[in-house]
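Note that the protein sequences, when read in sequence, are chains A and X.
Residue numbers for the first sequence follow the numbering used here, beginning at 5 and rising by one.
Residue numbers for the second sequence follow the numbering used here, beginning at 5 and rising by one.
One thing to keep in mind: the hints can contain errors.
For identical chains, the list gives no copy identity; a pair is met inside one copy or between any two copies.
Said to hold, decoys possible - With a cut-off of at most 35 Å between alpha-carbon atoms, the simulated DSBU-like pairs for lysine-lysine come out as follows:
| id | residue 1 | residue 2 |
| --- | --- | --- |
| 1 | K126 | K81 |
| 2 | K158 | K113 |
| 3 | K203 | K158 |
| 4 | K81 | K158 |
I should point out that these hints are in silico values taken from the structure, not numbers from a laboratory.
There are 2 protein chains.
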Amino acid sequence: SLHRIKASGLKLQLCTNETQATRENFVRKLRALGFDVSVAEVTAPAPAACRLLRERGLRPHLLVHDDLVPEFAEVDKTNPNCVVLGDAAENFTYANLNEAFRLLIGMEKPVLISLGKGRYYKETDGLKLDVGAYMKALEYACDVQAEVVGKPAKRFFESALAELGVPPEQAIMIGDDIVNDVGGAQQCGMRALQVRTGKYRPSDENHPEVKPDAYVNNLAEAVDIILQHL
Amino acid sequence: SLHRIKASGLKLQLCTNETQATRENFVRKLRALGFDVSVAEVTAPAPAACRLLRERGLRPHLLVHDDLVPEFAEVDKTNPNCVVLGDAAENFTYANLNEAFRLLIGMEKPVLISLGKGRYYKETDGLKLDVGAYMKALEYACDVQAEVVGKPAKRFFESALAELGVPPEQAIMIGDDIVNDVGGAQQCGMRALQVRTGKYRPSDENHPEVKPDAYVNNLAEAVDIILQHL
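Okay, chain A solo, but in the shape it has when bound:
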């Protein structure tokens, strides 16, 4: 399906909330699975956070997965004036959470940037709490609202559109997550299809707030329909 999109001349951007690996490693995994994808075709929360940090002169304390740290290599991290929170997994220790909390509560105006707000996800050894749960813990303790830079943030889809160089009305999002993919893209002015695979649940079709422009059974069908309409 990806190959057919590219062969048609359409531009393609992958929008992921992956924060346990650099884009380089993410692309390496996809290529190993046979997908012809480059780093420039991936929009991910960490680079979006780096842009935001640069724009606002923020120096982060990182509470993220070890494998994500290289994404922040170019960022000044001395004397931190904000906390960047990702899915830190094993780095979500009592000591690390207290450290991030102390930095925030010590700031005149605490700035917490979260690389997503997922509740949980599934791994081979079971369900795991996602970054959103730890974000809520720090929000409550510091009485602060986190700025979320991953999906469904409008900014995030704007970054992807900027990479593509197209306005939102000429782009279409295909995703399995009713809120993060479909809702986020629509709020940015794009149309959005929900695939009935992956995270999709039949109850999504009665979602109180988000309604996709159309449902498709899978990615291949989405591509069929899009190419027919060209």
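Position chain X against the provided structure of chain A, taking the given hints into account.
Leaving out everything else, chain X in the frame of chain A:
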């Protein structure tokens, strides 16, 4: 001050949100500091939780401090159908939080009982996230609302009154925490004094929701005033 209260014939109950130790250890510490206090004079969240568990036939999975576990010695903990959360401190590990989360999310109707909802507290080595922060994390991940059994829960003050054997209008709360002590007791129908010591902050006097029946400079002054009014 405690001695003067007891000598006057008034009944006394200590209401604490301490969840890092059993009442026995809590009382041992107070006695070592010279306070003449017995275990029966202490109302604490863990025994309140035990009553609630018994009443509702709940079997808890405990995510609490090691030193609190003996409070739950009599409680059936096999095949858990709820999670009891306390200030687990070093037991707030990534693995333990995921375990509590998996149990909750696997329940048809998740039941989360929290022994408090404090944001943070201070220890000699710095500020620490309190049980409320972890409660918020699990609430968000499981889309559930925790039942709080410590202060300021109405039930908690009702337990203390039951121990004293007096109706709320004949009891008075003395505390330093505007929301947990003063607000909680007032919602239960008691009068409440705020001492200008400990957690007290001058900004408490402009609290948008809670107004103590009176301010006193310290516990000794509170006791003076109460004894004068007898």
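Hints, verified against the model:
1. K126 to K81: both (32 Å within a copy, 27 Å between copies)
2. K158 to K113: both (23 Å within a copy, 34 Å between copies)
3. K203 to K158: Only inside one copy: K203 and K158 sit 21 Å apart there, 41 Å across copies, limit 35 Å.
4. K81 to K158: within (26 Å within a copy, 46 Å between copies)
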